[in-house]
Structures are given as C-alpha cells and as structure tokens.
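**Q** So the sequences go chain by chain: V and S. Going by the working numbering, the letters in the first sequence line up with residues 1065 to 1327, in that order. Going by the working numbering, the letters in the second sequence line up with residues 63 to 362, in that order.
Among the clues, some could well be false.
With a straight-line cut-off of 20 Å between C-alpha atoms, the simulated EDC-like cross-links for lysine to aspartate or glutamate are [stated by the list, open to error]:
(1) K291(S) x E354(S)
(2) K291(S) x E335(S)
(3) K263(S) x E1281(V)
(4) K1242(V) x D1223(V)
(5) K256(S) x E1281(V)
(6) K73(S) x E335(S)
(7) K236(S) x D258(S)
(8) K1139(V) x D258(S)
(9) K1125(V) x E1214(V)
(10) K1075(V) x D1193(V)
(11) K109(S) x D1299(V)
(12) K1125(V) x D1223(V)
Here chain V is said to cover these stretches of chain S; the calculated rule only asks that three of the stretch's residues, wherever they fall, bring their Cβ under 8 Å from a Cβ of chain V [what the hints assert, rightly or not]:
(13) 80 to 89
(14) 119 to 126
(15) 327 to 340
Quick look at which bits of chain V chain S covers, simulated, 3 or more residues with Cβ under 8 Å [unchecked claim]:
(16) 1088 to 1098
(17) 1109 to 1121
(18) 1242 to 1251
(19) 1286 to 1300
Read the hints as simulated data drawn from the structure, not as lab findings. Every residue, glycine too, gets a C-beta built ideally from N, C-alpha and C.
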Amino acid sequence: MINSNNALILKNEQVARDIYVIELHIPNITFICRAGQFVNLYTGNNAMLLPRPISICRADKNRGVIKLVYRIAGKGTEIISRMKPDSLIRVMGPLGNGFKLEHGKVALVGGGVGIPPLLELAHALRENDDETDINVFIGYRNNETFLLNEFREICRHVDIATDDGSAGFHGNSVDLFKNGDTTQADFVYACGPLPMLKSLSEYMRNRADRLFLSLEERMGCGTGACMGCAVKVRDGANWVYKRVCRDGPVFTASDLLFDIEGA
Amino acid sequence: MRVNLSGVEWKNPVTTASGTFGSGREFAEFFELGKLGAVTVKGVSLKPWAGNPPPRIAETFGGMLNSIGLQNPGVEAFIRDDIPFLRGFNVNIIVNVCGNSIDEYAAVIERLASADIDMLELNISCPNISSGGIAFGTDSRLTHEVVKRCKAAARQPLFVKLSPNVTDIAEIAKAAEAGGADGLSLINTLVGMKIDIRRKKPLLGNRVGGLSGPAIMPVAVRAVYQVYKAVRIPIIGMGGITTGSDAVEFLMAGASAVAVGTAGLINPYAVIEVIEGIEQFMQNEGYSNIKEIVGCAHNE
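The whole structure should be built from the sequences, with the hints applied where relevant.
**A** Right under this line is the structure:
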C-alpha cells in the first residue's frame, strides 16, 4: 500500500556540507516500510514538479517517524533544506522493494548519501537474527561522519574511510572494504555512487550473486508508471530495461550489465 | 458528466494520457479505476520495444522532458496480461498504438480487432523513436495514408494522436479526418532538450525528449481551438492539465473529452481531482451537460 499525504516536519538540520537530516511524522508510511525502500518528497513548488526520491534511513515505528538523510543536489533539494520544523511536506511511499535479509557474515558498504539506507538495513538484519555478523565499511568526503555513532551502537565492526584522509582510512569505501574483508563476507549490501558500485561489482565478480546493490536513477513518478528510471538487467542471453523504482531499487549485481552512461 | 465519443459511452469526459499511466496497475493502488471515463494505456507495438538508454527524464521549468522511447512488451503480452486486468474495472479501454512503419501500425490494429477493448489511439506523434512515430504525424500525405490503412483494419473507433511539432496542425488534422479518423487526440509532447552543463552535453540519453506538463498547456489549448474549427470529428484534449479548470479550458476550446498525463505522475490522484473539479465547475456555473461547454469559447 503506497500512501501519499502531508507529513509534519519534526527536524530538518544540516549534518555535513550539503547533507541534511529530515525527520517526518508519517505513521502510515513508517509502520509498513522496510529497509531499502524509499519515499518521494515534493518541493511544493510548481516550477519543480518532480518528486525527489530519498531512501529511508531509519523508521521509528513507536513514534511513527521516519528519518531521511539527503544531499543538496540542485534547486529542489535546496528548497527542501529550507523547510522549517512544524511545517508540512508532501510525501509518497513507501516505494520500491527492500533489501532481502540474509544471515551469517554480512558486509554493508556505503559511500556518501548511499550510507543512510544501510542504517535501517543494519537494524533490520539485527532484528531478524541476533547472530548475524554485521561489518560496516562506509566512506565519507571528510571527517563530517554523519550517522557513524548510530552504526557503532548496533554493529561491532564499523570501518570508515574519507576522501581527504581527515578520518579513518584515506581512500574510498570500496578500497576500505577490500582491505577489511579478509575473511570474505557471505553477503554484501552496497549503496553509493554508480562508479563505486561498478568497482565493487568488478571486485566481487566471482560472487556477484551475493552482492546486492541499491541503485539511483533520475525518476519521473517513483511508482513504476512512467518507465523513466531504466536500468539494463540480464534476461537470458539478452537484456531488458527494468525500472529502478518498481523493480528495484535493490538489484543483485550478477543481474546488472553496468554499461549505463556515466558509469 | 456523461459523454459519447464515436458511439462509446464515457461516464465522464476524463481519461489518462498515454504513457503516463502504464496499463493502470500502479494507479489501481491509489483509486478505483472505474471512476475514470476511460483508461488510455501506454503505447503498444507489434513486437516488444526496449526503449531508449537512460537518463530518460529531465525536470524543466513547470514541466518535464522524457525520452522513454515507447518501451513496451508488445501487443501479445498486452492482450494476455493487461486487458484481463483492466476488464476487472468498469472502465473503457483505449489502446495507444505505435509502430515504425504503416505495416506495423496496421498489424497491431489487426491483432487488436478481436480484442476486448473500446477504442484505438493511433500514435503518429511520438518524438522519441528513430523511425515512424512523429514522421507520420508531421506530413499530411503520410498522415492520410497511415490513417486510411489503419481505419480499414480497425474494428473499434480510431482516434489519431497528433504532434504539435508542425507548421499547421489544422492541416494534419484535416488529413487524418479525410483518412477516416473517428476522432483526434491532441497534443503529444513538444520536442525539447536540456543540456547538462557540468558534463557539457545533452542530459537525456536520447539527447532530445518530449516536453510535457503545465508548461505546455497554452500550446495545447491553442491547438485544440484551431483544430476544432477545422474538423467535424471529436477531440480529446491534453497537455498540462492539472486541475478541473484546466480541463474546462480544453472543453471550451473544443475538446469533447480530456486526458490527464504528467500531473498524474506527480500526484496519482490528479485525474480524480480533475473529474471532481469539472463537476464542481458545472454545478457552480449551472451547466447540466458537458455539451453546453464544448467549444463555447468559439461563440464570442
């Protein structure tokens, strides 16, 4: 069931350069959403009609509050960043399919605004099975390490990298993961920029069926109607375009072709 | 609110614009599809079409560009999967038909002759495919030819969807009418482009795309107004309709029915709000029949 209504903004704060956390009171979405799903946020501005799809970072089912972390990528997200607590924003969701929850030794690899959905995933994996060994490898631009403490609260092993070397490993999350994944994880979940996901897929090409990637693409509607967010997916010996919003956003790396423009 | 288009009864004059509504599955989660006058489905071709490379969507001021490229699973899959789904609702089914050649258009229409659908919409105006599509809709001789051939194959009323990317849309409309069209749908999208200034190249994978949304509404209203004067067949008006009053503009310009497209991608309830808005307008202004509004802007 997809809901489309106004949500009360409880908090909307900057946590790093261009990165904001917004908390929304929207029980009907919070109660039913799963890790890896996303919501559409609307600017309310008639010049900027399209929704901004943002992945769910945390769903507090007791309070009916979802937390989202977003980056100012253009005018639309800039308008959203200026919205004040106690005002309303139109939200649609939950959208897309969540992550499939596996067991055993798992690694979560995230870069930039690909990090937030991994937090809800870590909670979901933990709630699903306390024995799951969750290892987190996340890469930031610099020492503005948003969400780091929240990962440390629930995961024993959290490694960080920064592009500028100001904290943790000097480099990106994929290199961090390569160094840290000495006793190979049974399953790997990743979210981040396309070049990062591509490089991770290359590294894991022999076990790409155990690598789950959450993708981003320019979306029209977010519900699957417009066919705007296409990604090439294997179909026997051939391929077809699938919809990131409806068929994803999580795909198994072995199903993807990765010849997308810009990759 | 009832209207009759080429012998097909609609419970209200509102449908969905092809390509913005899939085959209705995504929207059935939000409202009862039977509330609509008709569902116009996404373009159906003879064989499956893969569509264009991404990115396929760009936001523009008050609108959007798309270059989907009519991705669809083909007429056989449509007949097998989508018609039974839509027949679960009390709603007219309009099938948008696309092709790369006159033979392909005609073959889809022949295949649909025995299908349980209510109307056909011939798409000779899509700007996103390399051959066919808009090439037919921008040349009155070709328009006449393709419409004539398709009309001969059609067992349901045939509407022809026209492109605004022409010098004189009335001339194309007359050619479609002369070819035997039962009605016209106007307008399809306007060809546009957005440049990604960081990458220094067109943003869309297909370079050009079709502009839709509120930004194009005045162009669409003008096209309906102009064509209404030139032909005698009914018009379904579309292009940027978001509210009931937008729809009333189209009716007054000469449309017998309207379609809601881009607005529904942004707000899934938009098409329902448009139906309610027209109803409200009629009540407030004391109209009892849609016919009293259709074309009334010409009686100035």
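**Q** Going through the numbered hints above, which ones does this structure break? Give me the numbers in ascending order.
**A** When the structure is compared with the hints, numbers 2, 7, 10, 12, 16, 18 turn out to be violated.
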